[in-house]
Amino acid sequence: DAMVIQNPRYQVTQFGKPVTLSCSQTLNHNVMYWYQQKSSQAPKLLFHYYDKDFNNEADTPDNFQSRRPNTSFCFLDIRSPGLGDAAMYLCATGEVSGANVLTFGAGSRLTVL
Amino acid sequence: AQSVTQLGSHVSVSEGALVLLRCNYSSSVPPYLFWYVQYPNQGLQLLLKYTSAATLVKGINGFEAEFKKSETSFHLTKPSAHMSDAAEYFCAVSLLTGGFKTIFGAGTRLFVKA
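These protein sequences, in sequence, are chains A and B. Just so it is clear: in the first sequence, position 71 is 69 by our numbering, and no numbers are missing. To get our numbering, take the position in the second sequence, counting from 1, and add 21.
Keep in mind the hints are simulated off the structure, nothing from the lab. Think of the CB as a built atom: it goes at the ideal place given N, C-alpha and C, for glycine as much as any other residue. No incorrect hints appear here.
Here are the simulated DSS-like pairs of lysine-lysine, each with C-alpha atoms no more than 25 Å apart in a straight line:
(1) B:Lys122 - A:Lys42
(2) B:Lys70 - A:Lys42
(3) A:Lys50 - B:Lys122
(4) B:Lys122 - A:Lys36
(5) B:Lys79 - B:Lys90
(6) B:Lys79 - B:Lys89
Here chain B is said to cover these stretches of chain A; the calculated rule only asks that three of the stretch's residues, wherever they fall, bring their Cβ under 8 Å from a Cβ of chain B:
(7) 32 to 44
(8) 97 to 111
Isolated chain A (complex conformation) (with noise of 0.2 Å):
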């Protein structure tokens, strides 16, 4: 089934040590998103990628990166994760050619020590 997959599910790491979150996708599809979930609240967008064209949202900070090299794959890089970066961080692909239709991945949950 084509699908969208985020590694690792669970991710602990000390205060200030570098982070990397990775997703994949077989969906081909063009627009690739990461959000941000704190405990009950609202997915908040964090940027996106329409194909090679990197969007970032003006109230990302810039300890949050991101890359995409080739369609099918995006990563998530925290520089210096603070206590308060600890969330779940999903990653979605959407097809701007229908509504947008967004899948998401199962997220990887961060904690931060």
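Since chain A is already given, all that's left is putting chain B on it; use the hints.
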């Protein structure tokens, strides 16, 4: 700018009772509207979508939603709740202009009592 407001962060119903989750949107152009469901420790799944075709939209698991332009609403309903419906529900709006972004409401947690 588009936005979504979900009324009620928590809704509790008895098994077999009507489910009604409220969503109002704000958009300067006709939007695409969605309901997504999230089970614990999982990503979001699409329940249903409105894309300017029929105003009454049927989704999975017996859910449906009605687009009412005059009320700027897109409420989610299900005639008879099941225990397995307990989850977090998010209303969302998407525009294919201005960056292809989807904005989510704050979510409504549905509790189903036996």
